[in-house]
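As you go down the protein sequences, you meet chains A and B in turn.
Heads up: the first sequence begins at 250 in this note's numbering, then just goes up one per residue.
Heads up: the second sequence begins at 5 in this note's numbering, then just goes up one per residue.
Among these hints, one or two may not hold up.
Dumping the calculated DSBU-like pairs for lysine-lysine here, alpha-carbon to alpha-carbon at most 35 Å [stated by the list, open to error]:
(1) B:LYS442 with A:LYS409
(2) B:LYS124 with B:LYS110
(3) B:LYS187 with B:LYS315
(4) B:LYS578 with A:LYS389
(5) A:LYS389 with B:LYS281
(6) A:LYS409 with B:LYS578
(7) A:LYS386 with B:LYS315
(8) B:LYS315 with A:LYS409
(9) B:LYS444 with A:LYS409
(10) A:LYS389 with B:LYS565
(11) B:LYS315 with A:LYS389
(12) A:LYS389 with A:LYS366
(13) B:LYS565 with B:LYS262
(14) B:LYS578 with B:LYS565
(15) B:LYS442 with A:LYS389
(16) B:LYS273 with B:LYS262
(17) B:LYS589 with A:LYS386
(18) B:LYS578 with B:LYS561
(19) A:LYS366 with B:LYS281
(20) B:LYS131 with B:LYS187
(21) B:LYS444 with A:LYS386
(22) B:LYS486 with B:LYS296
(23) B:LYS444 with A:LYS389
(24) B:LYS444 with B:LYS589
(25) A:LYS389 with B:LYS273
(26) B:LYS281 with B:LYS512
(27) B:LYS281 with A:LYS386
(28) A:LYS366 with B:LYS444
(29) B:LYS110 with B:LYS296
(30) A:LYS409 with A:LYS389
(31) B:LYS565 with B:LYS296
(32) B:LYS181 with B:LYS486
No lab work stands behind these hints: they were computed from the structure.
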Amino acid sequence: MKHSLKQFSLVLALLAVAVSVAAQDRPTILTGAELTRVIPTGFYFQGLSAPTQMRNAAAARFGTDRYVLSGLVDTSGYSADVRAKYVGFLITDSAITLNGEPLPAGAYGFGFATEGKLTVMDLAGKDLLSVPVTSDKELKRPRPLTMSADPGGVRLYNGKEYVVIAAK
Amino acid sequence: MFVLCSFFVPNTAQAQTGGASTGTPATYTSRRTAGITDPNAPVIFEDVTDKTPLANFRHRSGEAAKDYIFETPSGGVAIFDYDADGRPDVYLVNGSTSAALRGKEKAPRAALYRNLGNWKFEDVTDKAGVANERWGFSVAVGDYNNDGRPDMFVGNFGVSRLYRNNGDGTFTDVAEKSGVARKGWSTGASWGDYDADGRLDLFVPGYVQIDLGNLPPNPTAAGKSGSVGQNFCQFRGVAVMCGPRGLPGEGDTLYHQKPDGTFEDVSIKAGVNDPEKYFGFSSAFVHVNDDKLLDLIVVNDSTPKQLYINKGDGTFEEIGYPSGVALNENGREQAGMGLAIGDYDNDGRIDFHITNFSDDSNVLYHNDGDDNFTDVTFQAGLGEVSIPFLGWGTSFLDFDNDGWLDLFVVNGHVYPAVDAHQWGTSYAQQALLFRNTKGKFERVGAPQGNALANAWPGRGLAVGDLDGDGRLDLVINNLDAKPAVLRNAGATTGHWLGLRLVGDVAKKVPRDAIGSVVYLTTGSVRQRQDVVSGAVFCSQNDMRLHFGLGAATKVDKLEIKWSNGSTESFDIPKVDTVITITQGKGH
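Could you build the full structure based on these sequences and the hints that come with them?
See below:
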């Protein structure tokens, strides 16, 4: 009986450690002061700097100190329904995947070069990665750019379309 | 069937047109915003501008190159009966020039035209003293001192004016004395009694902060030696004026009227000061829900729209995002310009139509009740057709008196450069008229040579029955051009009823009844119309309400919900006329 209890306690302890590790790895969506503390107010891309639309910026923390930031920037004077090649930035301080495609740590521009795909570019505007977006038709009240939790990491939404970001 | 002057073929293969802002817009082999006619279309509006002295008015706003954003959005127009003779008059706002601001040339003048009847007008600007001679953008009418004479707030780039109507054909600018001499860039203002004390208050959106001593880069200098970098001030790869995005926005102002007739700035206390400094263009006090409190909508350019619900304690709660009004159905911010307010589907709730930039559709928000709105633009038939147009003034109006609110939209681009490229759009653009058939809209074609076939650099729009024939007419203020006066010449057979409401100040309802709502029933159709100040785009419709009755020759029921929430019902003895109804007394 004593032996069984010891074994049960050990299993519980191992489970607790596993849950704790999983909780640490589960990304946290930043809000409020935490968010404004990490989002840059402007972004350099292809020889030009543009202000960040702070209302359309989001960030997630993976583990204790790994961050992924994204925001739309003021790349044009007026809002219009044009699928622009460059609309915002993606900054990650560690390697991540976008829909399973690897992306090393760095600062990137992103946009929508072709319908249904999100393209990530280096700061010189060179295409690095293009991944298909998923349309979330059930999403109510979409916003220009948000992050939300996903079983595989975090979803980076642009309106109703999203890609999944995961820590590598 | 529309006849295109030449073929248009979208060509998305030329995807990257240069400039970081451009992306993959389509190119076209012809314009889609001018020269679109239909030989089988009926004549609805006749352009009678040149038969009136309004043809002598020339709007001017900066230089033709449009190097700076403050040269592009002026100006508004008002239809209102300033002399109480029963005939609605016309006020046209004018812009200005940098040289005029420096005192180097004579400033352009706004103009007031007294309606003499039978399409005769008299220019009474000098006598009335309302030339403004500042860089004007907007006009909002309201009888702020409850003396029975409509006054005007004129929103300027610079110091705004409050023209008090003296009742003898003259006005006096009392903005400084009254505390509403707003500085900065004031756009589409609205009067409304948000605290139900019987005195009108004033909301004024702010657009962009401009420092004339430190102007942003301009396209004329782009690429020249020593010029400032054009940065992201490009459209499809071509250098254009900067803004609004990338320039600092300006907050909004709510002026509360005190018992002594002066105003205090309560923007922060009320929670409507716009701390994000969105680019405000249009606003209106209106009853969004069924309570007794007047709410407020603000249309912002290229930033989220704001919907403020009145909490009844002198403050508002902003619900733009949760209500669905801040963005379009795809969660995208749009370049909100003008605002039409009306119950287009006769369900008893107020809906919004908002105009946007080219390469984007205008947007129609259906009011679902409980402070929820749904973007129904494409389902209602207003989506695809509006995409190449850059919209400004928009107004619901029942042009054919069938009992359903139709829609008129004034258009015109901000970049002169669009005429040098095949982008499917143009600087001067045709207006759009949509017929409402039980909640679905269809564009009304333009016979060749007709008013609807004309292309204008349109901005402001005002609606009113200028000739008293029971059909609604229009005045459009065109950028750097003469206005357009459109007489409704449609072959309508529908009956109609005009209503002028007079509130009882003793019951804490403003005398001009702004904020009051009329429900009119004929047979199974119950229409709603609101007395609104402002909206459209920096403009003012005649505040007399106009109901089309279709074949009905009598009104079955007329209910008025006065701005303080009290209700009254009235018998209407006859139709096809204008009736004045006084609160508590009838007609």
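Each hint tested on the structure:
1. B:LYS442 with A:LYS409: Given pair LYS442 of chain B, LYS409 of chain A holds - Cα atoms ~31 Å apart, limit 35 Å.
2. B:LYS124 with B:LYS110: holds (28 Å)
3. B:LYS187 with B:LYS315: holds (28 Å)
4. B:LYS578 with A:LYS389: With a Cα-Cα distance of about 48 Å, the restraint between LYS578 of chain B and LYS389 of chain A is violated, given a limit of 35 Å.
5. A:LYS389 with B:LYS281: Distance ~26 Å between LYS389 of chain A and LYS281 of chain B Cα, so the pair holds.
6. A:LYS409 with B:LYS578: violated (53 Å)
7. A:LYS386 with B:LYS315: Roughly 34 Å separates the two Cα atoms, so the pair holds.
8. B:LYS315 with A:LYS409: holds (32 Å)
9. B:LYS444 with A:LYS409: holds (26 Å)
10. A:LYS389 with B:LYS565: holds (34 Å)
11. B:LYS315 with A:LYS389: Holds - the C-alpha atoms of LYS389 of chain A and LYS315 of chain B are around 26 Å apart, at most 35 Å.
12. A:LYS389 with A:LYS366: holds (22 Å)
13. B:LYS565 with B:LYS262: Roughly 25 Å between the alpha carbons, so the hint for LYS565 of chain B and LYS262 of chain B holds.
14. B:LYS578 with B:LYS565: holds (21 Å)
15. B:LYS442 with A:LYS389: Distance of about 27 Å is within 35 Å: holds.
16. B:LYS273 with B:LYS262: holds (15 Å)
17. B:LYS589 with A:LYS386: Distance ~54 Å between LYS589 of chain B and LYS386 of chain A Cα, so the pair is violated.
18. B:LYS578 with B:LYS561: holds (12 Å)
19. A:LYS366 with B:LYS281: holds (33 Å)
20. B:LYS131 with B:LYS187: holds (26 Å)
21. B:LYS444 with A:LYS386: holds (24 Å)
22. B:LYS486 with B:LYS296: Given pair LYS486 of chain B, LYS296 of chain B is violated - Cα atoms ~42 Å apart, limit 35 Å.
23. B:LYS444 with A:LYS389: OK: LYS444 of chain B and LYS389 of chain A at ~24 Å, within 35 Å.
24. B:LYS444 with B:LYS589: With Cα atoms ~38 Å apart, LYS444 of chain B and LYS589 of chain B exceed 35 Å; violated.
25. A:LYS389 with B:LYS273: holds (32 Å)
26. B:LYS281 with B:LYS512: holds (33 Å)
27. B:LYS281 with A:LYS386: The given pair, whose Cα atoms are some 32 Å apart, holds under the 35 Å limit.
28. A:LYS366 with B:LYS444: holds (34 Å)
29. B:LYS110 with B:LYS296: Not OK: LYS110 of chain B and LYS296 of chain B at ~48 Å, beyond 35 Å, violated.
30. A:LYS409 with A:LYS389: holds (9 Å)
31. B:LYS565 with B:LYS296: Answer holds: LYS565 of chain B to LYS296 of chain B is near 9 Å, not above 35 Å.
32. B:LYS181 with B:LYS486: Between LYS181 of chain B and LYS486 of chain B the Cα gap is close to 34 Å, so the pair holds against 35 Å.
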